[in-house]
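Residue numbers (the working numbering), protein chains in the order written: chain B, 1 to 326; chain F, 1 to 618; chain Y, 1 to 299.
Fair warning: there could be bad hints in the mix.
Heads up, incomplete: computed chain B residues facing chain Y, CB under 10 Å, no partners named [what the hints assert, rightly or not]:
| no. | residue |
| --- | --- |
| 1 | P102 |
| 2 | Y113 |
| 3 | P114 |
| 4 | H116 |
| 5 | R118 |
| 6 | R251 |
| 7 | L254 |
| 8 | S255 |
| 9 | L324 |
| 10 | S325 |
Keep in mind the hints are simulated off the structure, nothing from the lab. Source: prediction; values computed, not measured. C-beta: ideal position from N, C-alpha, C; glycine also.
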Amino acid sequence: MRSAEGAGSMPADTGPDQTWAERFGRVQQGESLRLGLRNLYILPSRFGGLWLAGAGLLLVVGIQTQRNGPFLLGYLLLALLLLALHLTHFNLQGLELRCGQPRPGFAGETLLYPIHLRSTCPREAISLRLAGPTSEGGSVPLRLSAGSRTLGLTWSSTARGLQRPGPLLIRSSAPLGLFVCWSRWQPARTQIVYPARHPGPVAAAAAAGSPPGTAEQDQGLEGSDHWHDLRPQRPQDSQSRLAWKVLAQGRGRLSKTFRDPAGVPLLLAPDPGVPRERALEHLSAAVWQRSQRGECFGLVLPAQSIPPGRGREHRERCLQALALSR
Amino acid sequence: MAAAGTLPSRRLQWLAEGVLALGCVGLDPTWLLGLFSLALVLVAGLKLGEARDRAGRRLVALLQLVACGLLAAQQADLLPSLLQLLAALLSLAGLLQLETGLALAWPQLLRRSLRVMAAALPMALVLFLLVPRVGPFGNGMGAPSGRASTGLSDDLDPGSIATLVDNTSPAARVAFGDDRPPPAGARYWRVLVHPRFDGRRWQRDADAESNRSQPNAAELLMDGNPDDGSAGGRDQVWLVEPSRFTAVPWDGRATSTESNLRRRPNGELRLLRPAHERRSYRLDEQSSPQPWQNQPPTGGDLELPRDGNPRLQALGRSWAGLEDPRQRVQAAEAWFQAGGFRYSTRPGTLPVRDGLDAFLFERREGFCGHYASAFSALMRAAGVPSRVVSGYLGGVWVEPLGGAPYLELHQSNAHAWSEVWLGNGGWQRVDPSAWALDASGRSGSAAEQAERGAAGTNAWLWLQRQWWGLDMAWSRWLLGFDRTQQDALLRWLLGDQRWALGWLILGGAGAGLAAGLLLHRRRALADLDQPARDLQTLLRELARLQVVPSPGETLEQLAGRAAALHPQLAAPLAELVHSHAARRFAPLAGGGETATRRRWQAALRELKRCRRDAIRQT
Amino acid sequence: MAPHQLDALVAAIGQVLLGKEHRVKLALACLLAGGHLLLEDLPGTGKTTLAEALARGFGLEFRRVSFTSDLLPADLTGINVLDPASGRFHFQPGPLFTQVLLADEINRASPRTQSALLEAMATGRVSVDGISHPLPQPFMVIATQNGLDQVGTSPLPESQLDRFLMRLSLGFPEREAERALLAGEGLSLETMAGLLTPQALLGLRSHCHSLHCNAVLIDYVLDLMAASRGPDRSGAPLSPRASQGLLAAARAWALLAGREFVTPADVQAVFPAVAEHRLDPTGGGQLSAALLEQVDAIR
């Protein structure tokens, strides 16, 4: 696991606490998690130790000078320490976490994993982080107001398919930083991860069973973009469709008809010359590219084939087939 | 992760640092603790300047808090205490800001800091009151040095003073446990004792101020004697302005348990603190005579230079035949009263040679110093051990609007009187200035009279006195609680069951913590505005009926569900929903809020009543 | 003035369209908010009746255009015709120049015709040969779309759907309502004439626009928008035009309820109609309801 390296390279302020929290504590399972006594862990931070030493110093000064000021402040520091123990715990206790429905993403790129947070009271400085190599966005402490809120935690996966991110670490040291309270949770929902987009050769299968000439005519739909043909005018036809030029040539009243053009459907297939995973990555890039250009394409995989189509939904269907292909 | 980028600005912590630096003004750097605090504040500042990460900034906040505590050990008056409190609040706010990020505005942060501190206070007080104190280990900390001025001086040489300058600046303030002033005749506050006479000047013992850092072997702790039985029970809290002496005023009868108060054999009271700071201490009034009064005189107390003041010496010797020292004192009193002496603050200087002769037999006018030194010299000539004592007499009783009433002593209250050794009677105070004509002005202050008259009209003075009243109350509170007091409190709480102390502390601290948490939670609600708070109340009410909001539900739907379950609640609920919508979402109408709130409360009461009925029925 | 007249109008339309009071109110809110309405339903469920009832209720000029595949933009907007008498071109306005336009089966027309209509809806004016002609005020398009009959049609693209404030589906009537319909208890459209005037409608619109929305409510709307744009959204994100429309519709709803301010309940009442077609252009899912559940409405 690379988390230890990741934590090591972080600035010193979060370093030690973070590694503790990542190593200790049972990982909770399930679709949702309600933070409470059973799944929260709390330990004093290093600053908490210093704080205790400071309080001790003040008490010694109080004893030596027999003045009440240092006594009072020393005890106040002690009381703050004990208060912070509870406040830090309260800051997380009662928070409800629930997995959202993650949207698919590409392997090797940043993935967003949604977490619903529901709280009955405002909370402060909570940081959430999915274990894994790159999860930067989530560790900026977060203020929650009462109510529900959805967070997108970032992570990334190197493998395609149905993937689950590493355990979620939720921790807080608010309000005073004297204690670190944390919990670990493995969200249950899986996220569809498409193969990484690597441009490369793909095989193009022939569009099945339609001779080129007729396909052109059948694919076109009645529309208004491209002039297609002339036909005799009917009374209900609009005047604006009248072929004036033809009328002027004395060939009678004819109406223009229009057609929308249709593209040549292309069926993409894995290139047999490259390893399977690599071929899927090439397909992933090809699907993306063609869909961006608005082209019509289909997909043929060993176990599944998707007829030609276009649009976002079609693209996602193709990518999903690539992600789940066995 | 760019840690520095997400850190809040340092301004709040710099402000705390600035307040701390302000609080450092007047520290004594020659004292170990003073030096240490200065160093700590400096280190905190340097660290703040260079800190790049959160841990560094947290450390700064902690250093600042500890520095506050160290300052509190050295300056316990109201103003420094307020500064220390402010600095502590600011550094705590700085710490909160570090954790809770950038979004909060300053006032909000300060409020939160105050709230956190208030939540910690109950427990801190329990610990403060109950955890047993121990005495200091060794003698590590004491060490004053001196500067500043006072109406008193080491050498009493009245002959060299032509005109007594009226200095109305304050010298000391004292508050009494029962808030009643002492009777006018008992307001003698002794400070310095001058036993050595060279014919002109009365001087203090050579070693009186010689060793400031350590008590002399002869100096004793002011052991309070709880078994004495004659304890007056009344305590005095003194606040003394900076002076040149570590000797501080007292009434000569009190005891104290403070370890840095030392009593010299001649009845001076020394406070082992830097003389140039404002000092405060607490005394317990006693009615029984103190050991110094029975301390037998030494040969020095009879010493009188042979040459000089021949007429004085002759007069004194003429009384030496009287057997009882008291009779010699009475003879002197009769002689003074018959002599037509007048009190004057402008007597002019006396000749260097035989100055007291000139005062006694020619001028016959002078101020307290003249009378005290002449009388003491006469007594020595008559064979009665005597010395001059200087201190303060009288004072103005001030009753401010808030805080504790107190007696205010000015430098112009400075006074000198004599003490004579009366054998088995011990050292007795004799004030020869009282024998002069015009005794009303005996403490030398026409100015004070004028001031007393002007007090009502002088607004600045009035304000000052209010402040001092608060200051006195604070000092009394802060100084009043020492080991003895704590002992008394524990005895009162536990009797002889000392074993229960641990449990008491645990229980008290737990209760304090619970109170603090409750307070904190309550205050957290206070961040909401009134309609939002009222809404929380309503939601709590509904939760008792097992009606909790489902996701995305509006209040109308929630109330509808509740009303469907409990039809008798329908009417008040409808009213509450309507009223909440009007308060929350309607445009602000001037003055309408109180009326709608009243309607809301009435409906809420109705709802509670209906709910209780509903529960009773089921 | 507003509430009781509006109540009367709602009641009158309700007499014509039996058992569909909530949808009638939504359609009315759409009209009051100054938006355009998309009705998506099976034939024969009362789409045309609703449109005509709305127009008649306010005494508005009403026209109906059946969109067919060969309808050209000029057929809607009108054309410049050479006047033989004067020898000059003059503009002959098309059916678009009316106050309530029922665009029947809008998805049958070609995308070009659709976009001409939608442009007119968005700008309130029509350009022919470089000359701009303003449309009459008030102007409202009620477009219908046949849900089942998708063969040979051009469904409105997502970007164009955004221009309709609401999408409603009238649905089948309740059993009792249909019984009343069969019993002939409903009123005919002719009884509706002249309840209110076009001037009154303009007045109501400006009143509606001035209804109070305070910061707490705006926050609620913003939270809804943020939820629709969140990382686990299941539909398309809602645009700022959607949030403007939502607030306008919520104001109209509050006006219909006779209130002078808007509450989250108003927002919730109009939210499915305003947001569903923007979240999920193709199907009648429950995305808007799921979104409403994500945001706390008690505040």
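Interface restraint verdict for H116/B against chain Y (beta-carbon cut-off 10 Å): 7 Å, holds
Hinted contact Y113/B with chain Y - closest CB pair below 10 Å: 8 Å, holds
Supplied contact hint for L324/B, tested at 10 Å Cβ to chain Y: Status violated, d = 19 Å.
Cut-off 10 Å, beta-carbon criterion: hint that R118/B touches chain Y: 9 Å, holds
Agreement of hint P114/B with chain Y interface, Cβ distance less than 10 Å: Because about 3 Å separates P114/B from the closest Cβ in chain Y, which is inside the 10 Å limit, the hint holds.
Status of the hint placing P102/B at chain Y (closest C-beta pair under 10 Å): For P102/B, the interface hint holds, since the closest Cβ of chain Y sits about 6 Å away, which is under 10 Å.
Supplied contact hint for S255/B, tested at 10 Å Cβ to chain Y: For S255/B, the interface hint holds, since the closest Cβ of chain Y sits about 8 Å away, which is under 10 Å.
Status of the L254/B interface restraint (C-beta, 10 Å, chain Y): Hint violated; L254/B Cβ to chain Y Cβ min 14 Å, cut 10 Å.
Satisfaction of the R251/B interface hint, Cβ to chain Y closer than 10 Å: 21 Å, violated
Cut-off 10 Å, beta-carbon criterion: hint that S325/B touches chain Y: 24 Å, violated
In terms of the numbered hints stated before, the structure departs from hints 6, 7, 9, 10, listed from lowest to highest.
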